[in-house]
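Each chain, letter by letter, is given below.
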Amino acid sequence: MTYGGVYNAKWLRYIAQAALYGLFIAVLGYFSVSPAYVHLPPDQALIKLSFSHPGQPKGGCRERTDEELARLPPNMRIRVVCPRERSPVFIELEMDGRLLYRDTLIPSGLSRDGTSTVYRRFPVAAGRHHLRARLRDDVQVEGFNYVREADITLKPAQVFVVDFNAKSGGFIFK
Amino acid sequence: MLKWFQRVGRRGFLHMEAGFNAVFGPRLNPLYHLGALTFLFFWVVIASGIYLYIFFETSIEGAYDSVEYLTYEQWYLGGIMRSLHRYASDAMVLTMMLHLLREFTLDRYRGFRWFSWITGVPLIWLVFASGINGYWLVWDKLAQYVAVTTAEWIDWLPLFNEPMARNFLNEAAISSRFFSLLQFLHIGIPLFLLLLSWVHIKRISRPRVNPPRGLMVGTLASLVVLSLLAPAVSQGRANLDQVASVIQLDWFYLAVYPLFDIWSYGGVWILLGGITLLLALMPWLPRRHPEPVAVVDLDNCNGCGRCFADCPFGAVVMQPRTDSQPFAQEALVAADLCASCGICVGACPTASPFRRTSDLVPGVDLPQLTIREIREKTLAAAAKLSGDDRVIVYGCDFGADLGRLEERGVAVLALPCIAALPPSFLDFVITRKHVDGVFLTGCREGDCYYRLGIEWTQERIGGKRDPYLRKRVPRERIDMFWAGPDRSNQLAQKLDEFRGKLRELGPYTKPRSSHPEGDSRWNDKGVRNVTDRME
Ligand code: HEM
Ligand code: SF4
Ligand code: SF4
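Respectively, the protein sequence lines represent chains A and B.
Position 60 of the first sequence, counted from 1, bears residue number 60 in the working numbering, the numbering being contiguous throughout.
Position 314 of the second sequence, counted from 1, bears residue number 488 in the working numbering, the numbering being contiguous throughout.
Fair warning: there could be bad hints in the mix.
[Stated by the list, open to error] Straight line, CA to CA, 16 Å or less: simulated EDC-like cross-link-like pairs of lysine to aspartate or glutamate:
no.	chain 1	residue 1	chain 2	residue 2
1	A	Lys58	A	Glu142
2	A	Lys174	B	Glu345
3	A	Lys174	B	Asp415
4	A	Lys155	B	Asp415
5	B	Lys668	B	Asp575
Derived from the structure by calculation, the hints contain no laboratory data.
Turn these sequences into a full structure, and let the hints steer you where they fit.
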């Protein structure tokens, strides 16, 4: 059987087949790497603000009254109770006096006793900047209990991380 | 909207297929083997992946160098394997998506096909997950981009307390443990994909999982050529202290990634989740009107199993006899799998027009067009013909429009599928001189809507498949042309040629040695017993 007069000659069909296989690998080869995608413009750098930090316990410990104790099962009659709920963490990041980010990070967990976590990216122009990070992790404190400021120079495409670790003294810029 | 898309897509596919048929012929037409090609690429991915894994260094420090070693020092084998692994994965996405589009536009996803469609949907996610996961392992700049972006994307879901993306904050944060997990996944996800692919084709009998040889050779050869011309290479070692700003994306796998920079992560989740949900619901949007399914009549079923052998959808099962007839088995149709194609009826030796009309009830029959009705319609249509080129054309609901042929002075009869016609009908109308010749048509060859109808018809007439067309039937009085829906003109032309041939042949005369016992070559014992009893 023949399919269309043009392709009657066997060799013509083989050439056409080769052309279609060629088209197939051209499509594969091309879209496998192109067109290139510009994820971050060449004159920009990236600030990543990210940490995971448990806020201070929300309230102080208190003693249970005798009536309260009597209502509990015997094996749970402990006089001093400390609330498990932690303070939300309030965070502010400013660059060159301009606010980049401000949020109240709610602690994880059903009883809000876990860590407060943030992960944010901020593409910014490369070059010199003044960066200020402030944080409050205790509802009983006014203002901020951790602050760090620095002049930084960002190279194009540089990743600058603003991390936080209370044990090593607060904000970590690197 | 869905309908419009379907119509446009259908026209597009039919055009493309016609072009490919001209070049490859219908047997090797790649568009008729998209599922099988996807499997082929999967095998290439698995084989090349096993080779790469032997040399792959599983630590985050060593991974990049080991891939570089494969690419450059061992380019002649490792490099080619890497390229094959990459390009076959890309090709998998290409053929899978075309396969999906084709099943959709040709309306092969609703009704009895719902199972294949539904099980196909998670395959998409698994293919993409495998590929994206694979890019991660090279630990070059692309891997870095994929790692950071994917982690951020997954973090949008409230799954983990600690954001996954914190693993990729900067060079100091990266942990080898996480990297090992990824490698584990790169074996686990494809294995799961393999398992689910098997489920995907489980309900189809004789699924075409391998492309025909010629197509397979051509496809593999072109992958090797591509691997030599454009070897897959890395894009520089990952460095998390630097953004991978310009990336050569693999658009087959990562086409949605640029969306992350335009929309929110949540937006992309909603988009992909929505598409997935839509795909999953599509077989019921709207649902195909279920047609009555094939019905077994135990009084006429001798348990020969031919319907079981020929059903393209595994809808017939043979079970131990439930009545008192002296046969071991009987046929049973599973209604939820039945496509109402009637191919089982065409296979049933009791569906013979030589039987008297009054008691013509075959072992299995379609209520919407019974064998008795086919016999009556055939005789009525043939009776209107005159001359020495009287032809009856049997076609199907998915092929060319038979009404247009009727105007040319032939008898026509549309069946659900051409293989719903028992071969004994050809014998009957020719040797009883109801017509001078029979012309069969239907879907395009290689692309039967009911998968196996054309194949079975050709094999039955060619004496290769039970029930055979008896040898005494002169084959020059039978012709076929698989026109599909788009080749009505060629069909008409073929038909005219055939009628010309019939006029030259003159009327049918019974050969002298036409005793039925004479053609035992085509008949095994079972058939002869049955047909003899019926004649
Ligand atoms: C890894 C990806 C896939 C592979 C390897 C694959 C392979 C196959 C194969 C070999 C067949 C049998 C074809 C035949 O014998 O006629 C098939 C049928 C089918 N596939 Fe897929 N498939 C894949 C993905 C999909 C997807 C994503 C969908 C749609 C959501 C899909 C929908 C279907 C349908 C509806 C059929 C039934 C066709 C019929 O009954 O005629 N497949 N597939
Ligand atoms: S009508 Fe078709 S799908 Fe249904 S049992 Fe018969 S052969 Fe199988
Ligand atoms: S082909 Fe007919 S006789 Fe044979 S098992 Fe099926 S229904 Fe019964």
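Results of checking the hints against the structure:
Taking the CA atoms of A/Lys58 and A/Glu142, the gap is near 14 Å; set against the 16 Å cutoff, the hint holds. The straight-line distance between the Cα atoms of A/Lys174 and B/Glu345 is roughly 11 Å, inside the 16 Å bound, and the hint therefore holds. The hinted pair formed by A/Lys174 and B/Asp415 meets the criterion: a straight-line CA distance of about 9 Å does not exceed 16 Å. Simply put, A/Lys155 and B/Asp415 have alpha-carbon atoms about 11 Å apart, close enough for the 16 Å limit, and the pair holds.
Restraint check for B/Lys668 and B/Asp575: satisfied, since their Cα atoms lie roughly 15 Å apart, inside the 16 Å limit.
This entry satisfies every hint, going by the numbered hints stated previously.
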